[in-house]
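Trainee: Spelled out from the first residue to the last, the chains are:
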Amino acid sequence: MVDVNGMRSSFTQEEKNKILQLGESSIRSSLGETRIFKEAEKNTISFVQEFYQQMGFEKVIVKFQTNDEK
Amino acid sequence: MRSKIRLLKNLVVLAVIYLAGFYIFRACKGTSNDPDFVLEDTPLHIESVRRIAEVATMSFQDEVVADTVEYFKGSEDKWIGNLKKLSDLEIKHFIRYSNVKRRLTLIVKGEAKVGFELTDKNYRIAQNVDTIWFHFPKAKLLDVNVNPLHTEVFQESGIWNDVARQKLMNKAKTRIVKDVNKAELTQKAEKSMSDLILQLVSDERKILIYYE
Numbered sequence: 000m001v002d003v004n005g006m007r008s009s010f011t012q013e014e015k016n017k018i019l020q021l022g023e024s025s026i027r028s029s030l031g032e033t034r035i036f037k038e039a040e041k042n043t044i045s046f047v048q049e050f051y052q053q054m055g056f057e058k059v060i061v062k063f064q065t066n067d068e069k
Numbered sequence: 000m001r002s003k004i005r006l007l008k009n010l011v012v013l014a015v016i017y018l019a020g021f022y023i024f025r026a027c028k029g030t031s032n033d034p035d036f037v038l039e040d041t042p043l044h045i046e047s048v049r050r051i052a053e054v055a056t057m058s059f060q061d062e063v064v065a066d067t068v069e070y071f072k073g074s075e076d077k078w079i080g081n082l083k084k085l086s087d088l089e090i091k092h093f094i095r096y097s098n099v100k101r102r103l104t105l106i107v108k109g110e111a112k113v114g115f116e117l118t119d120k121n122y123r124i125a126q127n128v129d130t131i132w133f134h135f136p137k138a139k140l141l142d143v144n145v146n147p148l149h150t151e152v153f154q155e156s157g158i159w160n161d162v163a164r165q166k167l168m169n170k171a172k173t174r175i176v177k178d179v180n181k182a183e184l185t186q187k188a189e190k191s192m193s194d195l196i197l198q199l200v201s202d203e204r205k206i207l208i209y210y211e
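Protein chains in written order, with numbering that gives the first Met the number 0: chain A, 0 to 69; chain B, 0 to 211.
Simulated from the structure, these hints should not be mistaken for laboratory data.
Take the hints with a grain of salt, since some may be wrong.
What the hints assert, rightly or not - List of simulated lysine-lysine pairs, BS3-like, C-alpha gap at most 30 angstroms:
id, chain 1, residue 1, chain 2, residue 2
1, A, 41, B, 139
2, B, 112, B, 172
3, B, 170, B, 187
4, A, 41, B, 120
5, B, 137, B, 170
6, A, 62, B, 205
7, B, 190, A, 62
8, B, 100, B, 83
9, A, 15, B, 170
10, B, 190, A, 41
11, B, 8, B, 77
12, B, 83, A, 15
13, B, 108, B, 139
14, B, 100, A, 15
15, B, 190, B, 177
16, B, 108, B, 172
17, A, 15, B, 108
18, B, 177, A, 17
19, B, 181, B, 139
20, B, 108, B, 187
21, A, 15, B, 77
22, A, 17, B, 112
23, A, 58, B, 120
24, B, 83, A, 41
25, A, 41, A, 15
26, A, 17, B, 170
27, A, 62, B, 112
28, B, 112, B, 177
29, B, 100, B, 77
30, B, 120, B, 139
31, A, 15, B, 172
32, B, 170, B, 77
33, B, 166, A, 17
34, B, 177, B, 187
35, A, 15, B, 177
Generate coordinates for the entire structure from the input sequences, incorporating the hints supplied.
Mentor: As structure tokens, this is what we get:
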């Protein structure tokens, strides 16, 4: 990041931090567009199934609840 | 006597002109608190996705102040440096005479997660008719998150580059790790894991949990 205009040659660290904050917020809000939550649920199911199968359970059914259902 | 009064008047006029110019310039330039930054829509590019199997049973929120300061070397350097501060049109220095050449202070709020990394099937469950044994690895620090959203530039005077800010962020991270170690969170995480297992396993049998 360099020249802004004739009077100001560079951003301050405070300004850069604000830009980074916008970037971080943008990534957080875009996470839904990726398949990451579905992948996380899939991995959780496989972990929980393996955990209970080690305890001797043959069939393990995993259901996810929304916050409203709790 | 007259010439002294005239000199004084001139100095006062010069000071008034300087201050007026300073405030007009500052008003035109705006301050860094102006919320005038907008991020344009850009596609999200995912660098990598890593599969993990971590169970975090303790979260530790911490706030640390990371500061770096540079002083003038000697009185001559101090005089020249302070005069340079006055001539700085970008107003990155506080307009006052001091020993401080430049300073950057960040307030960083971070979160540490302590728990278990259960990849590579590194836990075992054994059982017989009256007992279930759980063998887990020892709890450890899984992650320390420090990010821009929870970072505030508290004080900034002088010119600083990104490397300096990043170094301060790393310093803050190291401080949070030290605080985690002081708080002895691994024992608490193991206790919390044991409670979780007792909740997950509703069984009449005796349950024994080991961390090794």
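Trainee: Evaluate each hint against the coordinates.
Mentor: Hint check results:
Simply put, residue 41/A and residue 139/B have alpha-carbon atoms about 25 angstroms apart, close enough for the 30 angstroms limit, and the pair holds. For the hint pairing residue 112/B with residue 172/B, the CA-to-CA distance comes to about 13 angstroms; that is within 30 angstroms, so the pair holds. Between the alpha carbons of residue 170/B and residue 187/B the distance comes to roughly 25 angstroms, so the proposed pair stays at or under 30 angstroms and holds. For the suggested pair residue 41/A and residue 120/B, the alpha carbons sit about 17 angstroms apart, so the restraint of at most 30 angstroms is met.
Restraint check for residue 137/B and residue 170/B: the C-alpha separation of about 27 angstroms stays at or below 30 angstroms, so the hint holds. This hinted pair checks out: residue 62/A and residue 205/B have alpha carbons roughly 27 angstroms apart, not beyond 30 angstroms. About 26 angstroms separates the Cα atoms of residue 190/B and residue 62/A, which keeps this hinted pair within 30 angstroms; it holds. Simply put, residue 100/B and residue 83/B have alpha-carbon atoms about 10 angstroms apart, close enough for the 30 angstroms limit, and the pair holds.
With a C-alpha separation of about 19 angstroms, the suggested pair residue 15/A and residue 170/B falls inside the 30 angstroms cut-off, and the hint holds. Of the supplied pair hints, the one linking residue 190/B and residue 41/A holds, its CA atoms being roughly 27 angstroms apart against a limit of 30 angstroms. Annotation: proposed proximity of residue 8/B to residue 77/B holds, straight-line Cα distance about 28 angstroms (limit 30 angstroms). With a CA separation close to 24 angstroms, the supplied pair residue 83/B and residue 15/A stays within the 30 angstroms bound.
As the CA atoms of residue 108/B and residue 139/B are separated by approximately 21 angstroms, the hinted pair is consistent with the 30 angstroms bound. Pair hint residue 100/B plus residue 15/A holds up; C-alpha atoms about 21 angstroms apart against a cutoff of 30 angstroms. Only pairs whose Cα atoms come within 30 angstroms are accepted, and residue 190/B paired with residue 177/B is accepted, the gap being roughly 21 angstroms. With a C-alpha separation of about 10 angstroms, the suggested pair residue 108/B and residue 172/B falls inside the 30 angstroms cut-off, and the hint holds.
Restraint check for residue 15/A and residue 108/B: the C-alpha separation of about 18 angstroms stays at or below 30 angstroms, so the hint holds. Simply put, residue 177/B and residue 17/A have alpha-carbon atoms about 28 angstroms apart, close enough for the 30 angstroms limit, and the pair holds. Among the hinted pairs, residue 181/B with residue 139/B is consistent with the structure: their alpha-carbon atoms are about 13 angstroms apart, no more than 30 angstroms. About 22 angstroms separates the Cα atoms of residue 108/B and residue 187/B, which keeps this hinted pair within 30 angstroms; it holds.
Between residue 15/A and residue 77/B the alpha-carbon distance is near 29 angstroms, which keeps this suggested pair within the 30 angstroms criterion. Under the criterion of a C-alpha separation no larger than 30 angstroms, the hint pairing residue 17/A with residue 112/B is consistent with the structure, at around 26 angstroms. With a C-alpha separation of about 20 angstroms, the suggested pairing of residue 58/A with residue 120/B holds against the 30 angstroms cut-off. A distance of roughly 61 angstroms separates the Cα atoms of residue 83/B and residue 41/A; the hinted pair therefore is violated under the 30 angstroms criterion.
For a cut-off of 30 angstroms, the pair hint linking residue 41/A to residue 15/A is broken: about 37 angstroms separates their Cα positions. Simply put, residue 17/A and residue 170/B have alpha-carbon atoms about 20 angstroms apart, close enough for the 30 angstroms limit, and the pair holds. The straight-line distance between the Cα atoms of residue 62/A and residue 112/B is roughly 26 angstroms, inside the 30 angstroms bound, and the hint therefore holds. Restraint check for residue 112/B and residue 177/B: the C-alpha separation of about 13 angstroms stays at or below 30 angstroms, so the hint holds.
Proposed proximity of residue 100/B and residue 77/B is supported: the alpha carbons are some 8 angstroms apart, at most 30 angstroms. Between residue 120/B and residue 139/B, the direct Cα distance comes to roughly 16 angstroms. Compliance with the 30 angstroms bound is thereby established for this hinted pair. In summary, the hint linking residue 15/A to residue 172/B is supported, as the alpha carbons are separated by about 19 angstroms, within the 30 angstroms threshold. Taken as a hint, the residue 170/B and residue 77/B pair is honoured in the structure, with Cα atoms around 28 angstroms apart against an allowance of 30 angstroms.
Proximity of residue 166/B to residue 17/A is assessed by CA-CA distance (about 18 angstroms); at most 30 angstroms being required, the pair is judged to hold. Only pairs whose Cα atoms come within 30 angstroms are accepted, and residue 177/B paired with residue 187/B is accepted, the gap being roughly 16 angstroms. A distance of roughly 28 angstroms separates the Cα atoms of residue 15/A and residue 177/B; the hinted pair therefore holds under the 30 angstroms criterion.
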